[in-house]
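Protein chains in written order, with the UniProt record's numbering: chain A, 1 to 83; chain B, 1 to 931; chain C, 1 to 519.
Any given hint could turn out to be false.
Only pairs whose alpha carbons sit at most 20 Å apart, straight line, appear in this in silico SDA-like list of lysine to any residue [said to hold, decoys possible]: (1) K293(C) x G34(B); (2) K650(B) x R861(B); (3) K870(B) x E835(B); (4) K650(B) x P7(A); (5) K437(B) x D209(B); (6) K475(C) x A201(B); (7) K475(C) x V139(B); (8) K426(B) x A176(C); (9) K269(B) x L296(B); (10) K293(C) x P12(B); (11) K286(C) x A201(B); (12) K293(C) x I70(B); (13) K426(B) x K305(C); (14) K305(C) x D209(B); (15) K74(B) x K293(C); (16) K96(B) x T485(C); (17) K74(B) x A410(C); (18) K475(C) x D69(B); (19) K293(C) x R238(B); (20) K712(B) x E312(B); (21) K650(B) x K269(B); (22) K426(B) x A410(C); (23) K293(C) x A201(B); (24) K74(B) x P162(C); (25) K286(C) x A198(B); (26) K96(B) x N56(B); (27) K196(B) x K286(C).
Simulated from the structure, these hints should not be mistaken for lab results.
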Amino acid sequence: MTSTHTPPHVRLANEIAAQFQRRDPALAAQVIADHIQSFWDPRMRSRLIADAGVSGSGMDPLVVAAAALLPPPSDTHTELRPL
Amino acid sequence: MSLIKEKDYGTPARPGEATVAVEIDGKTVTVPEGTSVLRAAAEVGIDIPKLCATDNLEPFGSCRLCLVDIDGRKGSPASCTTPVAPGMKVRTQTPKLAELRRGVMELYISDHPLDCLTCPANGDCELQDMAGVVGLREVRYGFDGENHLDEPTDSSNPYFDFDASKCIACSRCVRACDEVQGTFALTLEGRGFDTKIAAGAGGTFMESDCVSCGACVQACPTSTLQERSVVQLGMPNRTVLTTCAYCGVGCSFKAELRGDEVVRMVPYKDGKANEGHSCVKGRFAFGYASHPDRQLKPMMRERITDPWREVEWEEAIGYVGRRMLEIQSLHGMGAIGGITSSRCTNEEVYAVQKMVRAAFGNNNVDTCARVCHSPTGYGLKQTYGTSAGTQDFKSVDQADVILVIGANPTDAHPVFASRIKRRLRKGAQLIVADPRKIDLVRSPHVEAQHHLRVMPGTNVALINAMGHVVVTEGLVDREFVAERCEDFSEWERFIADPEHSPEAVEEITGIPAADLRAATRLYAGARNATIMYGLGVTEHSQGSTMVMGMANLAMATGNIGREGVGVNPLRGQNNVQGSCDMGSFPHELPGYRHVSDDAVRSTFETLWGAVLQSEPGLRIPNMFDAAVDGSFRALFVQGEDIVQSDPNTKHVTGALSSMDLVVVQDLFLNETSKYAHVFLPGTSFLEKNGTFTNAERRINRVRPVMAPKTGKHEWQIVCEIAQAMGYPMKYDDSSQIMDEIAMTTPTFSGVSFAKLDEVGSVQWPCNEGAPEGTPIMHIDGFVRGRGRFMETVYVPTQERSTRKYPLILTTGRILSQYNVGAQTRRTGNSAWHPEDLLEMHPHDAEVRGIRDGDTVALASRIGETSLRVKIDDRMPVGVVYTTFHHPVTGANVVTTENSDWATNCPEYKVTAVQVTLTHPVATHPAPVLVK
Amino acid sequence: MSGPDETVTVYVPRDSAARSVGADEVAEGVAATAAGRPIRVVRTGSRGMLWLEPLVEVATAAGRIAYGPVAPEDVEELVAAGMLDGAEHRLRLGPVEDIDWLRDQTRVTFARVGVVDPLSAEDYTAHGGMAGLRRALSLTPEEVVAEVTESGLRGRGGAGFPAGIKWKTVQQAESALKFVCCNADEGDSGTFADRMLMEGDPFTLIEGMTIAAWAAGAQEGYIYIRSEYPDAVATLRTAIEIAYTRGWLGRNILGSELSFDLFVRVGGGAYICGEETSMLESLEGKRGMVRAKPPIPALEGLFGKPTVVNNVLTLGSVPMILADGAEAFARHGVGRSRGTQVFQLGGNVARGGIVETAFGITLGELVEGYGGGTRSGRPVRTVQVGGPLGAYLPTSRFDLPMDYEAFAAANAMVGHGGVVVFDDTVDMAGQARFAMEFCAAESCGKCTPCRIGAVRGVEVIDRIVAGEDRPANLKLLNDLCDLMTEGSLCAMGGLTPMPVKSALAHFPGDFGTTTEEQR
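Using the sequences and the accompanying hints, generate a full structural model.
Structure follows, in structure tokens:
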């Protein structure tokens, strides 16, 4: 069971990866990366990419592989609005 | 506008190509074979007097007013029960017929109160009309004979009275209950002159099986069955055609008014979704719109612990605009966002997503469809290329097998359920896949051939097993697959694996393999088989997978692209389809086009004069997570009570509590507004001017019967907030918003208010290729080109019963209440469902020492709540069920953070729980006998 | 003559009419009194001479010798007098076949009634039973229909619709499932022939229905019997069980490809369920309410499937038609009324009972000849023919031949063949009022003319009799009768005016009016 202490982006990415466990790992990583690229907000993707390198993140190996395929997200959401 | 009266042709239209020509009063008329003489006459404007006949009921032949003369036939046959025959010559007016008709009316009136002037139906009474039409001038029998004038009135129903003294025993109510609604609650009892209408076994309407759909009231030609609002307020004098704001069926109604006051809502016969039928919500539960609880002025407060203070619009809107800008200046452009409502019009939703994208400058917009049908959008887009159901409702009339999965139409989509039941009574067969023994499984004159009692959370195992049977038993429509689909051979290999066999998954799904095989053969072998599904499919960790699994099954058996087939979501809310269409998702612009598509973005950027973000924004659950971690700090919530309706209440309230600004736009203060800083009063559907899109992609007009009670339309408020943030956004009226939608969105390019006013409604795509809309999709090819088979691996949910939480909780809706109950709880509907109950199998109750009516604690690993138990063997052992209509129940206190892997739609349907007895129902002391 | 050691066979009816006057006690008495002498008491149907019930017959070398009416207390005396040997006695009627009342009849449908043990399959076949079905199964269904059509058999329930035409319609209807339904809801006052046939010769009905099933292509049959006939229900149910064990029902009947299942259903006491569409509703488990026609039951009958609906006497006549050929049946009768009709004499009549005879006999021959005038001994004033909705005919119309068309021309009807006799004390305004009252009580309540009209009819007749504005009320009654005749959904409301108008036409004085005043 996923611990409630697992960060949401890791939990959600692992749930996606669970669907593709039986695929060829390289293909699965690409599908997962495409899905995340299509549907995830950049701040979540940034965290995923950042945590992918950290050991003990609880991340599924397919997620780690997928994270490596993700392009760097834009950071427009963090830009401050000039008043 | 005056009162609209639809023409009544007396008997239903008969389908068919073959026609028959007859001569009626010298006029020749050609009608389909099987048409009654009565209807044929009506087609050429000859209205034969009638009372027991009406064109939504099969002819009955009881009143004997519609007698005619037919050359070569003896006697005076009733034109309602006499079908046309070639060369028939009919006379509808002769002295003899006039005499007979007067004689009939004379009999009727000899047993009827003479109180027309004080009767609530005065002016809207067919009996009164017919007395005039036949020229009744005297009642020679007098009025002292035996009669029914002292019959009592049954006022048990909250909305209508049954005044038996006015009944003419025409049986229209009984037949409407049978034929239109399919409940069979009414009957005729007694013989001869003692014949009377009885509800159930002779008790009151409320004690009977009556579901208060109103069909009987509408069918009644007198004032016997009469809306109490008409008794109290008088006859309405004008009509506004509009659309119901409850479920996704999208029924058309005539709002009948006196001045600005709604006297009654009457289903509109020409409404294509409902064809004159209604349910207890749409027909009667509109009183919330004028409920004193409605907050009509804006309110503000600095902190959520402060008391509210009412303010003027200017102040509230200025404050929201200013704070949004401040928060973005401190925490970034992505720190704010909005949620659109599936209860609001397309135009209102479009305005909100435009505000978010153009004024907020991000894609942090999501809609409450996230928590219901987002997997539908994903799954059907992946497989078929469009995020919507494939059929119109009417299509089910051609279905031979109906597969209902995870839906409970008689409660949640009652008007469509009546259509399904009608089709089933005509011989279509039914398969129900649901853990509960829902009403459709067995109700009067309806019985499912197969009830697949699937364990919650195992839908994908079920659908894979069905796919397996289709592939391994040679039931594939090879021609269809070869011509129309792709990736079939991969899927075939995948699904043929023995691990998907019904025998292999029997333990998982709880469905006997033989039953599953038989059901699959029935589905696959049908000429036309259709799938209807609801939230029992989508609200799972594999909701999207299941949608794709159903899409696979329909393609493999060739059940796509014509009448009577398809894959059809039963949408929960009036405008779920529309809110999704309008670009409410954080990754999609209107028309389901990805934000990364430069061409699409450029269209909007040019029109809107704003730079749009090319990366997806936050989904609702992501917003809560981001709020907790501090990167998301302000939220505009349009008409959705997220605290009551979203899962894991504690997590939601924690997120809202940590935000700097929560703006709620709603009719009533609700659970979410407890965490809000600004409350912006919204408008009810009676005040809105716009469109709703129902589950069959039908765009219906919502017309205002009164000006906004709050002084502003909701889209105006949204525009003003955008303006307060420095973004110019202005429309003169809502039709301009639809014009903008049509201009930017190819599937809507043919839609305008003018078009809808002209044709009634259209189903998108409505454009140059389909100027009158598209009732059925994928006819000659799939929207995405070829239909794509998707591998659907069954991954069990992580939510499982354990020793600590041995039961599975699943949730749903009940007929009389609607979602969080904000509206229906403020109407007479609570007479049927005053509280949410926990339904439990007798065995599960027994082992816990629980009896019917006991109060129990319901606990999951997330939280605990308390409610009363209803012991019911509709439940399977090990599964409990409740509704979430009352905030006090707090059903979502216990639901978890689990969600659909693809769309994050919450897994409401599976929560491991334990139930423990807390307060036994008070036992009454034995009565003391006084001697 | 049989000697003292030989078993004597005594026949005592088990018919409920006979039982109602002590036949059971008589049978027990005979068995008990004959102790010491070997005796076999056979319970038969009734010969139909109801004024002679209980009628006891003793088998002798000279044939069956009849004694009657035998009261239970007469038995001892009769046995002592040598009844078991056919000896003389004041109750001795002689050989039963020689009783002229019976001898003069043409028993076709009732040929075995009173003769055989109704539940003896051996008796049945010994007396010609199953010959009709055997022949039918040797023919094609089309040929069977043709045979029935040629016989001229018309529905005996009242409407007189040609049975062959009805069967052909069902035969030609396309449906995987078809039914044969027997209407045994014999509700008309003064009628009892259906009951007596079912109690006295149930296999005839079963055979007739099976032939109909073969002809029409039906798989299931239902006999709808009114609840007031418990003996008929029990007899038929037992007979059906026996028929199954004999291979006369069920799969591959008599080794043929025909499979047919037959069930008895008991009505709930509504007169209207004798109307065929109401009966079908009732069989479907619904309230007995008339259906509008079209669709006709032959195309959309029971559960919407093509259905043969015929009366007991109609179906009971079929085995003979098939066994002896259409011509043998058609030979009897007059005009378009072919074959025999089972008339039932009742009411105030000296000799009531079953008179099966060819169509064409006059009303007078029936009433005065067979019936012997009134039981009270007073002059006959009127007879009502065809049940409670039939016309009242004065003695001046005793010349009328019993024939569908002749009766229709006289504004009357043969109906189910019931003839109820009244003497000169009858109040015809009261009878007219009763017709309306009956309709009000028994109307299914569907159509307005019948539901409200019948109640108003009673009220208007009361006013006429009371002398209230008589010309206006006579006009109103006349208008009401026209409305009910023309406007009612079924024959119930449509025929109720017949007794009313006939009473008014023939006996205006009873209403305080004259023929002239009515004009």
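With a cut-off of 20 Å on the C-alpha distance, tell me whether K437(B) and D209(B) pass. Status holds; Cα separation ~17 Å.
For the pair supplied as a hint, K475(C) and A201(B), is the alpha-carbon distance within the 20 Å limit? Measuring from Cα to Cα gives roughly 42 Å; hence the hint is violated.
What's the verdict on K475(C) and V139(B), does the C-alpha distance respect the 20 Å limit or exceed it? 13 Å, holds
Does the alpha-carbon distance linking K650(B) and K269(B) stay inside the 20 Å limit? With a Cα-Cα distance of about 46 Å, the restraint between K650(B) and K269(B) is violated, given a limit of 20 Å.
Pair hint K196(B) and K286(C), alpha-carbon separation not exceeding 20 Å: OK: K196(B) and K286(C) at ~16 Å, within 20 Å.
Sort out whether G34(B) lies within 20 Å of K293(C), counting only the CA atoms. Holds. K293(C) to G34(B) sits at ~13 Å (cutoff 20 Å).
Decide if the proposed pair is consistent with the structure: K286(C) and A201(B), CA atoms, cutoff 20 Å inclusive. 14 Å, holds
Holds or violated: K74(B) and A410(C), Cα atoms, limit 20 Å. The hint holds at about 18 Å.
Given the hint that K96(B) pairs with T485(C), does the C-alpha gap stay at or below 20 Å? This hinted pair holds, its Cα atoms lying about 13 Å apart.
For K269(B) and L296(B), compute the direct alpha-carbon distance and say whether it is at most 20 Å. 34 Å, violated
Is it true that the CA of K286(C) sits at most 20 Å from the CA of A198(B)? The hint holds at about 15 Å.
Are the Cα positions of K96(B) and N56(B) separated by 20 Å at most? 29 Å, violated
Checked against the numbered hints above, the structure violates hints 6, 9, 14, 18, 19, 21, 22, 23 and 26; every other hint is satisfied.
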